[in-house]
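> What follows is the residue order along each chain.
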Amino acid sequence: MKLLLKIFLLVVSLALLIPFQVDAANDVTIHYFKEETCPNCRQASIFLNELLVNYDNVNLIIYDIRESSENENLFLELVSVFDRDLASIPYMIIGGKDLQGLYEIESQIEDVIEYYQDKQGYTDVVERVINKQVVLPEDLLQIDFSENKTITLPIIGEIEIASFSLLLGAILIGAIDGFNPCAMWILIFLITMLINLKDRKRVWILGFTFIFTSGLIYYIIMMSWLQLVMKLALISAFQIAIGVLALIFAFFSLRHFWQQIRKDTGCEVTDAKSKRKLMEKIKQVIHKNNLWLAIVGIAGVAITVNIIELACSAGLPVIYTSMLAYHNLTALQSAMYILIYVLFFLIDDLIIFSIAIISFRVTGISNKYAKYSSLLGGLIMLFIGIAMIFFPHILF
Amino acid sequence: MKIIRISALWCMSCLVMRSRLDSTLKKLEISHIEDLDFDEDSDKIKKYNPGSILPIIIIFINDKEVMRFNGEVSKKQLEKALKEVRDEVIA
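Protein sequences, first through last, are from chains A and B.
To convert, take the position in the first sequence, counting from 1, and add 798; that gives the numbering used here.
To convert, take the position in the second sequence, counting from 1, and add 28; that gives the numbering used here.
Pulled a few chain B residues facing chain A out of the computed Cβ check, cut under 10 angstroms: (1) C39; (2) P78; (3) V101.
Source of the hints: derived by calculation from the structure; they are not laboratory data.
A virtual CB, placed ideally from N, CA and C, is assigned to each residue, including glycine.
Construct the complete structure from the given sequences, taking the supplied hints into account.
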C-alpha cells in the first residue's frame, strides 16, 4: 500500500513538471494609415476604438501620412506591394492582409483579426517593408473575407452587398437621368424626319448612330470625370465639396420640379432660334446622298447636342461618378458601372427608337415623367449630399 | 365647329396628344381639324396667341374661340370637352 502511494505521488509530481502546451491567441498588430483631416479616418478610428475594447492582444500602430514623409512613403510602398489601384485612406494592414476604405475595414477587420489570432508565426508584411526585406507573393493573404457578404440576385447571380448599392445606383440614377428631355427633342425630330423619308435603312442606321454616339460621349465624359475625382479623392475637403455640390444640384432640381408642376405638361418653347438652327442642320445631314457623310454628320450633331445639354443633367452623372471614386474599385469595375449607367440613361431613347423601327412611326413618352424625374433626381441628390457631408459611412 | 392643332416635330407631348386627339375625334365623328407647325407656320399661328406650351388645341364655333387646351390633356378630359362642344353645335 505504502509503495503504491509513493509511486502515485511520484507520477503526479512528474506530471506537474511537464509543461502543458495551451494554444493562446496570438498577439496581432494592426498597422493603421490615416490622416487627421480625413472624415472616413475619423469614422474608422471611432469604430476601431470601440472594437478593440474586446481584444486585449491587439496592438495598434498609427501612421499619420501627413505628419512625416517616412509615413507617407511607407504607405505608398505598401499600396504598391498590395497592388491597389488607389492610394486612399483609411488603410489598415494586419499580417499579409490589407483593408482599404471605411467599408472594407468595418466589414472585414474582425474576421482578419480572428484569422491571425489563430495563425502561428505569420508574416507581418509592414515590418518586412520597414526592414527592407523582400515580400514574397506567399506573404500576402489571398483570402477574401468579404465572401460571406453577398446576396444572390435572379439571373445576375451572387453579388457583393457593397457592389449591389452601386449597381442599383447605376440603374436608378441612370434611368432618372435619361428622362431629362433636354436632348430627347433632337431624337424625336430626327426620327420624324427620317420616317418622312420613308427609308427604313436610313432610320435604322442614322437613328442608331445618334443614340450610340450620345451614349459614347456620355461615357467618355463620365470616365474623364471619374479620373479627375479619383485624383482629388485623397483631399478630404473634396468629399465635402462634392456633398455641397450635390445639395446645390438637388436645390435646382427640386425648384425645377416645383416650377413645372404649376404649369401645363407639354413642350416648353425655349430657345427657339437655336432649335431651328439645329433642325436645319439635321435636315441637311439626313438628305445627304452619301450615307457615310450622313453618318458622320449625325454623329457630329449627337456630340454637339449632348455636350451643350450636359448642363441640363450635369448633377446626376457627376455625383454618381464621385461615389464610384470613393469605393476603391478597379478600373474595369468602374468602367462596367459607368457602362450600366449609360445603358439605363439611354433606355427611353432605345424604346422610342425600337418602336419607330418596328412600327415605322414616332411615339412619344409623356412629359409628365420628365417632371417627376426632376423630383426623384432632386431627392436622390439631396440624400447623397447630406450623407456625403454628415454620414459618409452610409455611402462607402 | 373647327379645330386648330398647333404642334412641333420635336415635341414629344405633341406626339402623345396627336394619338389621343385623333382617336377621340374619330370616336366622336369629328373630322374638321387643321394642323399648324409651330416652326414652319409661325406667321399663321401668330393670330392665335400661341403661348409657350405645346401642343395647343383650339376649338372654334362660328369662328369664335370657345375652348383651348395647352399641353397634354387626358383622353377622358378631351372626350368630355369635345362632346359638349359637338352637342352644343348640334343643338
